[in-house]
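If you're matching positions, the sequence shown starts at 3 in the numbering used here and goes up one per residue.
Just so you know, these hints were derived from the structure itself, not from any lab. Computed from a predicted structure; not experimentally measured. There's no promise every hint is true.
Each computed BS3-like pair below joins lysine-lysine, with the alpha-carbon atoms no more than 30 Å apart [as the list claims (entries may be wrong)]: (1) K309 / K251; (2) K309 / K36; (3) K36 / K24; (4) K24 / K253; (5) K253 / K36; (6) K36 / K251; (7) K309 / K253; (8) K253 / K312; (9) K24 / K251; (10) K312 / K251.
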Amino acid sequence: MSAHIGVVGTVFVDCKGFAAAKYVPLGRNVGSVKFVHGGVGRNVAENIARLGLPVSLLSSIDQGGIGRDVACRLAEAGVRLDWLAELPECGMGMWLAVMDEHGELAGSISQMPDLRGMATMIVEHGRELLDRSTHVALELDLNEAITTQVLRLAREAGRPVYGLPGNLEIVLALPKVLDSLAGFICNHIEIGRICGQDFAENDPAGLLRLLPEFASQHRLRSLVVTLGPHGCVYWDGATGQSGVQPALKVKVVDTCGAGDAFFSGTVAGLARGETLAQAVQMGTRVAACTIQSAENNCPALAQALEKMAK
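Please construct the entire structure, taking both the sequences and the accompanying hints into account.
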């Protein structure tokens with residue numbers, strides 16, 4: 003069976019403000035404002051499709067023009083949308099974000115979508131998604147029912163699940179969900195919250211020492227922790243390999259979507275049979291392409307990766 007990744011996660015519409023000069027939190031800031039397609043599930047599905055892998059998205063959108071725009075863009079990228087629920091309202095979330103003069107996130111407010119449409123889709127068609135998929139990419143912090151149902155179906159079907167946290171609500175409340183994952187990819191702040199410790203992003207060696215113990219405690223087969231401009235650290239239970247993958251130096255336009263992009267590239271590499279050490283290199287390249295775009299994805303990802311390889 004050739005690789006096919008099933009993605010379960012949210013769709014958002016993001017409103018982003020970009021400061022043209024030094025951002026003043028309590029002042030008026032001149033810049034530009036853009037609406038872009040977002041959401042962890044949507045971002046990951048589009049990235050994987052643009053990497054040339056078959057991918058299906060189980061999620062929900064709004065009925066109407068904006069929802070149709072989201073679906074059209076995904077379909078054009080090559081994402082299969084057989085399990086995309088349409089709701090009269092709140093099928094998609096909204097994210098208001100302010101980016102400073104360096105393209106770094108300065109503040110945000112998130113409105114979650116109504117997850118009932120997605121929950122119904124999983125109950126009625128989740129098994130079909132798992133039958134089609136060889137690997138599952140799961141946005142972990144949806145709700146307890148969705149997360150546990152997807153993990154149960156994947157376990158029954160024998161499909162590896164790779165998890166990406168959102169706000170950590172579910173992971174912190176039910177840390178045992180990590181036990182069901184083939185791989186967990188998070189950032190240094192998120193793993194710090196799970197462990198109850200603070201980790202600096204500029205201390206990869208310190209984090210690297212923690213990974214085997216954390217992975218063993220949660221029965222993870224692989225673990226990756228991203229460190230922003232300092233790259234990532236990884237541990238691969240299958241090979242016993244661990245290491246540091248440096249970030250690539252590029253001109254930053256917008257760091258939003260970088261984590262989703264890294265996750266997408268890494269999961270795509272694993273689905274193609276690469277080792278984790280090889281897969282995080284692809285994740286790093288996809289993230290580097292994405293942060294050079296004002297969107298949450300790099301629309302010309304294939305061309306950007308080809309140019310990067312030269």
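Quick one, are K36 and K24 close enough, alpha carbons at most 30 Å? Given that 30 Å is the threshold and the Cα spacing comes to 19 Å, the pair holds.
Holds or violated: are the alpha carbons of K36 and K251 at most 30 Å from each other? With Cα atoms ~25 Å apart, K36 and K251 stay inside 30 Å; holds.
Between K309 and K253, is the straight-line Cα distance small enough, at 30 Å or below? holds, 15 Å
Please verify whether K309 and K36 have alpha carbons no more than 30 Å apart. Judged against 30 Å, a Cα distance of about 27 Å means the pair holds.
If you draw a straight line from the CA of K24 to the CA of K251, is it 30 Å or shorter? holds, 22 Å
With a cut-off of 30 Å on the C-alpha distance, tell me whether K24 and K253 pass. Given that 30 Å is the threshold and the Cα spacing comes to 17 Å, the pair holds.
Is K309 close enough to K251, meaning Cα to Cα at most 30 Å? Answer holds: K309 to K251 is near 15 Å, not above 30 Å.
Given pair status - K36, K253, alpha carbons within 30 Å: holds, 19 Å
Take the C-alpha atoms of K253 and K312, compute the straight-line distance between them, and say whether it is at most 30 Å. The hint holds at about 18 Å.
Tell me if the straight-line CA distance from K312 to K251 falls inside 30 Å. At roughly 15 Å apart (the allowed maximum being 30 Å), K251 and K312 satisfy the hint.
Hint compliance for this structure: every hint is met.
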